[in-house]
Each structure stands twice: as C-alpha cells, then as structure tokens.
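Asks: Sequence:
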Amino acid sequence: MNRWFALIPLAILVALTVLFVGWSLKRDPAFKPDAIVGKPVPETVLPILTGDAAGPGQVDLKTSGVGRPMIVNVFASWCAPCRAEHPQLMRLKAQGVPVVGIAYKDDPVATRAFLDELGDPYRMILVDREGRAGLDLGVSGVPESFAVDAMGKVVAKASGPLIDPAEADRLAAAIQTPPRPLPSAQPTSGREG
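Heads up, the sequence shown is in my numbering, so the first residue is 71 and it goes up one at a time.
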C-alpha cells in the first residue's frame, strides 16, 4: 500500500504536465506582450491624482502628453519592483524627460504616501483603480513603461522594473522624434503650357 502512495506525486506531476501542454496549444501565438508597440496609445479617461484623492479632474491617457512625447509608467504603491525602479524615474525627471504615471489598482492615499516617501517623478498621475488602462495597454504586471512619441504612438515598451540605467535611457531615446524636414518650395516657371 505504501508503494502506491509513493506514485501519487508522480501522477500529479503527469497531470500538471498534460494541463500545461493543453493550455499551451490553446494559447494564441499571435499575442505578444509588446503588441501595443507601433500603435496609438489607448484613449482611456482616468481621474487625475489630486493630493491624495482621485479627481475631480479627468484626462484621456492619449492627450495627457499634450502633444509632446512622454514615458507612461504603470506602477503601484504595493509593488516592490516599483520601489526598486523609482531612482531611475527620478533620474529621468532630473534630465527633463516627461513621465506620466498610472497608479494601477492602487488606493490614492497609498499612492500619495508612496510618492511622499520616495519623491514624485511624474508630471501627472492618473488613477486606475479598476485596472482599465492596464487592460487597454496590455499590462501583464507592474511596473511596465511605454515610450509614446509626440504623435501619440507607442514606440517602445519595457516590462518589469527600470533598474538598469541603459534600459531607462533606451525608453527616453525612443521618444525623441527626429526633426521633420521643412516643406521645400518648388520653383515654378510661371509659364503655363
């Protein structure tokens, strides 16, 4: 009888393997966490963090950059990796890089306490208590950061904490739009044929 009990863990392992393989076969291979890169930032309306409360003002995530490039950082006060990446966000702010924060599934009072403790690197903080923007952006976990150009297009993404300065600088460089050439005047001969 004891011999059969020794086989129970093996049977459980086989059953879990079958479940995992079945899940893998049903999973959509076209889904990629970076699927939003190259697309417009979603038009999600969220309240602005005012003091330690959500609102009264609201803003559309797409227009929160006011026609300028920005980094959108999805964070939460309860997120330990968010605490680890915070020095890089403060460094980006010191360099003049505009960062818009989205407080993901967080209480505004806790968000304010988190920023009061560590410093506020954000130009604007949007409150996403229900996780709506997280769904629209395809966030799989916090923190995640998105580089958005002046035209409102997501041009790069970083999943996980921005601990490495090179990764933070990569996002900052991605939002720098190349200068557009001025339209050139075509000389006309003045003669119509």
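Keep in mind the hints are simulated off the structure, nothing from the lab. The beta-carbon is built from N, C-alpha and C at its ideal position, and this holds for glycine as well. Mixed in with the good hints there might be a few duds.
Heads up, simulated DSSO-like pairs for lysine-lysine below, C-alpha to C-alpha not over 27 Å straight-line [said to hold, decoys possible]:
no., residue 1, residue 2
1, 175, 227
2, 223, 175
3, 223, 163
4, 109, 175
5, 223, 109
Pair ranges (Cβ atoms, derived) [as the list claims (entries may be wrong)]:
no., residue 1, residue 2, range
6, 175, 236, 28 to 38 Å
7, 84, 187, 44 to 54 Å
8, 108, 163, 47 to 57 Å
9, 109, 80, 25 to 35 Å
10, 109, 237, 34 to 44 Å
11, 206, 246, 23 to 33 Å
12, 127, 211, 22 to 32 Å
13, 77, 122, 50 to 60 Å
14, 132, 160, 36 to 46 Å
15, 160, 137, 17 to 27 Å
Asks: Each hint: holds or not?
Replies: How the hints compare with the structure:
Between residue 175 and residue 227, the direct Cα distance comes to roughly 20 Å. Compliance with the 27 Å bound is thereby established for this hinted pair. For the proposed pair residue 223 and residue 175, the alpha carbon gap of about 24 Å is at most 27 Å, so the pair holds. A hinted pair counts as satisfied when its Cα atoms are at most 27 Å apart, and residue 223 with residue 163 qualifies at roughly 21 Å. Straight-line distance between C-alpha atoms of residue 109 and residue 175 comes to about 24 Å, which keeps the hinted pair within the 27 Å bound.
Distance hint between residue 223 and residue 109 is fulfilled; the C-alpha atoms sit about 5 Å from each other, no more than 27 Å. Between residue 175 and residue 236 the C-beta distance comes to about 29 Å, which sits within the given range of 28 to 38 Å. Checked against the given bound of 44 to 54 Å, the beta carbons of residue 84 and residue 187, roughly 48 Å apart, stay inside it. Between residue 108 and residue 163 the beta carbon distance is about 26 Å. The supplied range of 47 to 57 Å is therefore violated.
In this structure the hint that residue 109 and residue 80 lie 25 to 35 Å apart at CB is violated, the actual value being about 46 Å. Range check, residue 109 to residue 237: Cβ separation about 21 Å, and the 34 to 44 Å hint is violated. Under the hint 23 to 33 Å, the C-beta atoms of residue 206 and residue 246, about 25 Å apart, fit the expected range. Between residue 127 and residue 211 the beta carbons are some 28 Å apart, a value that agrees with the proposed interval 22 to 32 Å.
Range check, residue 77 to residue 122: about 57 Å between beta-carbon atoms, so the 50 to 60 Å window is met. In this structure the hint that residue 132 and residue 160 lie 36 to 46 Å apart at CB is violated, the actual value being about 26 Å. Between residue 160 and residue 137, the C-beta spacing of about 25 Å keeps the proposed range 17 to 27 Å intact.
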